[in-house]
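Protein chains: 2
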Amino acid sequence: MRKTSPKTLSILGGALSLCLATAVAADTLQEVMKARNLTEQNVIAAAKTYVPSGGRDEFVAFSSGGQSGQVIVYGIPSMRLLKYIGVFTPEPWQGYGFDAESKAVLDEGRIDGRDITWGDTHHPALSETDGVYDGQFLFINDKSNPRIAVIDLKDFETKQIVVNPLLRNEHGGAFVTPNTDYIIEGSQYPTPLGHEFAPLSDFNEKYRGAITYWKFNREKGRIEPENSFAVEVPPYSQDLSDAGKVASDGWSFTNSFCSERYVGGIESGRPPFEAGCSQKDTDLMHVINWRKAEQLFKEGKAKKVNGMAVIPIDLAAKEGVLFLIPEPKSPHGVDVSPDGKYIIVSGKLDSHTWVFSWDKIKGLIDRKEYAEKDPYGIPVLDMQKSLHKQVEVGLGPLHTQYDKTPCVVYTSVYVDSQVTKWNYCEGKVLDTVPVHYNIGHLMTMEGDSREPQGKYLVAMNKLAIDRFNPVGPLHPQSHQLIDISGPKMQVLYDMPVPLGEPHYVVAIRASKLKPEVRYKIGTDSRSGEQSPYATRAGSERIERSGKTVHVYGTLIRSHITPEIIEVNEGDEVFVHLTNQERAQDQTHGFTVGSYNVNLSVEPGKTATAHFVADKSGVYPYYCTEFCSALHLEMEGYLMVLPKGGTKDQAKMKEGATYAKADYDKQVEQCTATQKVIDSVVGFITSHNYKDFPLVVGMVEDATDQLNFAVGPKKKAEDAATAQDWQNATLWAQQWFLYQVKTADIGLRAKAYLEQNGAKLVTVPAKK
Amino acid sequence: MRKTSPKTLSILGGALSLCLATAVAADTLQEVMKARNLTEQNVIAAAKTYVPSGGRDEFVAFSSGGQSGQVIVYGIPSMRLLKYIGVFTPEPWQGYGFDAESKAVLDEGRIDGRDITWGDTHHPALSETDGVYDGQFLFINDKSNPRIAVIDLKDFETKQIVVNPLLRNEHGGAFVTPNTDYIIEGSQYPTPLGHEFAPLSDFNEKYRGAITYWKFNREKGRIEPENSFAVEVPPYSQDLSDAGKVASDGWSFTNSFCSERYVGGIESGRPPFEAGCSQKDTDLMHVINWRKAEQLFKEGKAKKVNGMAVIPIDLAAKEGVLFLIPEPKSPHGVDVSPDGKYIIVSGKLDSHTWVFSWDKIKGLIDRKEYAEKDPYGIPVLDMQKSLHKQVEVGLGPLHTQYDKTPCVVYTSVYVDSQVTKWNYCEGKVLDTVPVHYNIGHLMTMEGDSREPQGKYLVAMNKLAIDRFNPVGPLHPQSHQLIDISGPKMQVLYDMPVPLGEPHYVVAIRASKLKPEVRYKIGTDSRSGEQSPYATRAGSERIERSGKTVHVYGTLIRSHITPEIIEVNEGDEVFVHLTNQERAQDQTHGFTVGSYNVNLSVEPGKTATAHFVADKSGVYPYYCTEFCSALHLEMEGYLMVLPKGGTKDQAKMKEGATYAKADYDKQVEQCTATQKVIDSVVGFITSHNYKDFPLVVGMVEDATDQLNFAVGPKKKAEDAATAQDWQNATLWAQQWFLYQVKTADIGLRAKAYLEQNGAKLVTVPAKK
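From first to last, the protein sequence lines are chains A and B.
Under the working numbering, the first residue of the first sequence is numbered 1, with each subsequent residue one higher.
Under the working numbering, the first residue of the second sequence is numbered 1, with each subsequent residue one higher.
Next comes chain A alone, as it looks inside the complex (with noise of 0.2 angstroms):
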């Protein structure tokens, strides 16, 4: 026999208990391997992946969605998709765009007084306190249609959308100040300011970027505008931004593209942009001390333009409010240290990634040591002199992210296809690692924070190719993994995005999101206030006002109040809808088909469907979300009278009569099953359940429904009474309907506690 060392002993007295002699699964891992056609580095990168059914992820990323204008939701290191967030784009899932009360956010998204029905989305921030993410708010640009959306992160929807007033287009957004005062929207292609009109010919005169500061006020949860504020800036093309943090606290950084302030012409002749906005070998970074501007504003100095306060340039030069740079050509990334010391800027057409020290920058600028001033007046600082370090990365270079070591950061090498890794202190590459292909940004655990959190990395690849199974001309974009844990980085997961084309990508320690559940009953959750439609059971109601129709109802398992809504043909009809459900993941939905009316209503939420009932006819409506063993019979109907036509005055006829044999069959069927309940509420009563918050938030609801059973079981022995059959046999009908939701709440909250491992703590008393 072979020598084997203590080391490899204890490795292979753990990896011998991988046989599994369960009988569950007769497999080994060996097997498995061998059939799957797995190599061991395989198993290790599925171990570090795979998180087990029920488990949760470490860290929790939001993704742009690109031009599917919404955000992207994912674990890691599971790379899971948890949840598109509706944003700029309508969703009917969630019901965005679709009741009135979100309809009322992507309203305040028009342009020019048009629907813009999508969102070119590009960053994403998270908000901070202090510089480090504090998971409250998430804000999101749209880089076509210039406008910033804010989702709060107690529900993961979508509050707001505030329109650039000055841009046509913009791009270096959302970033935010280290304890999210602003959110900083900088342009990207120049236009005239304002909307205006100037022809191409005055470009260099007329045509201008801007970095808009808008005002966010944390409590409310709102931007505001009439508290924001922008700096004028050169037709540079301006690229991405950031904002200093610690040392550089006070001050923002903005890139520019194709600061040679080119136009193009392909069709008359002239070289294309491509070829124009490249030609130069640096372009300018931007250097705005933010905090003088929002001085100078709160000073009365700004001028409006278009209803927005701006700093123009000549004052922002004469007051030192804005610097610019020469930095690496097309650059794409502006990254500012953890300690804000320094910040890293790639030129995608050059190979080497550069260093600019804050240190020396403000020197330069509190010794007013400029090199010149650019055509617009702007102090141009020595390049040389602003420089720490420049480091050759690889071809293509753009978008470097923080790691929790100091010094040590992440490149994303488009053209050679790679993650570098190095050291920004001592400018020495480390690691690269071949990614999939065709990198934009990439993204570290909180790696543009004050604290990032190092252990994983994501590329986000521009190029799948070959890389999934094919579905069509249209590729999903591709997102992998990457340990960066050890000294040399290893590629775990390659994720497919099935939707949307994400830019950028922030995660956030998962334990520092704490969304809630439920609304307070009656919530417009897009203004977080009391709806003034919201409705209790027993008080649904249908009012009429001319050719108004305003319809009070309420959703439960499984029924909808009203049943029937009759309305003349040509009535303009609001349905307001309150979810009566206190559980968790009790959301019910609304359609009345072909009126394009679909709500989702979660537990407390009010909402509102609004329609003109326009054609005459029969449109059942029903309960979208499969919510209960009843879901199907979660059903009416709107009853659109034609014109000229009357009221229905005839009584209902019924298909199936019912005698007392039925009645009495029903209320046996109630007395069985309330013994089947008495025995599972023995069970979980039996158990230390209280230990277990989701069993007692389903004991709440079982009792809840148990509760409901009262009202029909006394109408259908009144009804017994009387001897009308009919009626009590249904209402006995609906008092075993509300015991078997109780019994299948009862029923998931016992398996949860066998499963969970729940311990006896009383005996049950016999019955």
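Since the hints were made in silico from the structure, they are not lab data.
Do not rely on the hints blindly, as some may be mistaken.
Same chains, same label: a pair holds when it works inside one copy or across any pair of copies.
With a cut-off of at most 20 angstroms between alpha-carbon atoms, the simulated EDC-like pairs for lysine to aspartate or glutamate come out as follows [claimed, not checked]:
hint, residue 1, residue 2
1, K292, D366
2, K103, D115
3, K714, E267
4, K404, D431
5, K488, E31
6, K280, E654
7, K385, D374
8, K647, E267
9, K713, D664
All values derive from a computational prediction rather than experimental measurement.
Starting from the known structure of chain A, fit chain B onto it as the hints suggest.
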């Protein structure tokens, strides 16, 4: 030392190799398990689902998105989401509902002149040949707005939407007949047929359902409404359908859940629908001889209702088209066995699943042995005489799928939150496994076809509750992957569904799908024809006729031709763009800010943006897909001239000017870059690159790019001859950019060859 059996030793040998000695990852599996708190069973599950970087899944699943209105595509066993296909809901990433071509598809789905911007998708169906999935088409229904959509699996795009002119909603579709002759669409909530009005007091007399058989023309890839027909059925609230096959070919089955014909009205004191619709012990299965119905239709015996041919109930009853059989109450799922000899029906409110025998049913029909007639004169067969078995599978059984092993099936059990594996020939339960929570449908690989593939099962759970990182009140759905290859079922993976509420899924062996990666240049992908607006490079133009402007443009890395478009305020503008790329995954996007213009143009596609330029101003446009290193420079300007304004006559002023030295420097760079290209080409051609189809494609693309460099090079040289250093420099830059694109692809090809073990076949010639 303890004795070990030879088998254990061999496992030890295998396990030993799990501790990696390489420098890449110092971790051992044991360390990872400890750090991540994984059990041995977890690691086996991980290994059974993990697909390594660049690997492929064995099966591809197509899931309905529920009220998201889309189809979700994912891989099995990795459970990675591959694509959301826009079907009934506009989706901007795909340009679906934004380009004129796809708007035409969505317009087919308008109802009563109204845009329906979502759908409630429930049941996808794959096309079949002889009862076996053939991978050609996918069909999906819209429950709320009765529609069927056709998706071509050549490009995963929606090609057609048909509206059912009889119904106001539906449920029992899409299901295909064994050769995809017909797509079945069954009604749900009864209404007067043909969109008429009738009061609810006429429910029994005037409300009806209908089972529609949409004729599918496989060559055209389109449904033919004029060759389609429906069978009228009573107001029994039809539920799911399935087509007979093999033994039962020519027949179809549809169940029902409110054969009580109850109409609720809780708001006026009547017991709710849920009570009245679940009172009887049985509902009614509809058994339809569709081949006989087709014959009657072809003989002209159908009557037209709102344009659709309908076989009335009396004719259907008389001609032996329609029969009824009592089935367990409130069922969901009527699932025909692979040999067509059994039909399995589960009643949600019955703990038994019922196995009907086709032989027995057919015998009763052939002998005209009817138990009774229903109130509409339809023959009702005796339940007991039709039954093969009744098997107790748990509380709330729902849907059944077939295993590869004969007689073995899996049934989803809603209230008990479990999957039950059982033998329907012998009526014996074999195994159960808990799922989380409240499972709706379930699905095995090709499990509703004539040739189920076994191996995996997916549980579509309706409640996720606590299973994933929390994301607010609206939870993701939860799909669990279950290994069914052994005697005991084993849960392998929990997948959250981030968008939509899937109802049913179908999965096909991945190797049967052969989608294309590009279109023939100039294709209107929605019609499948050459677009009348197809444009080749060099023939770009702007045509104006009155106030209508047609732009014929092209897209290629990295410019849009034209780069400047001038129109007058109020013009109606059509921008037709053709993607000139041949390279896989080289999609370009196109947006004009503020005008809600957004296209996704895959290689070869022609797509059209249509808008009215109703507000003067300067509107940048750009490519929305990060397509190349010069992606940001892929831009242009739409100039909307103010009314009364005049066309810009001034010469463009240059922001930067260039001299001979700039030109010389640029040429020097081009010469150096060409050397890099030559060395990459040398590497590639000296290896067996032709054995790698992906690399062959890349070489083709790289050759294209290098050929594109010829024109700019000549322009640069001509300008230099004329001493026009501005144009000489910029065209030389463009020449260089094509070199960069060539090098980008070449380096990717080189890396691919290196990473995939290409062999040196010839020694590159020395330069």
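Subject >> Structure versus earlier hints, numbers of those that do not hold, lowest first >> reply: Violated hints: none at all, because every hint is consistent with the structure.
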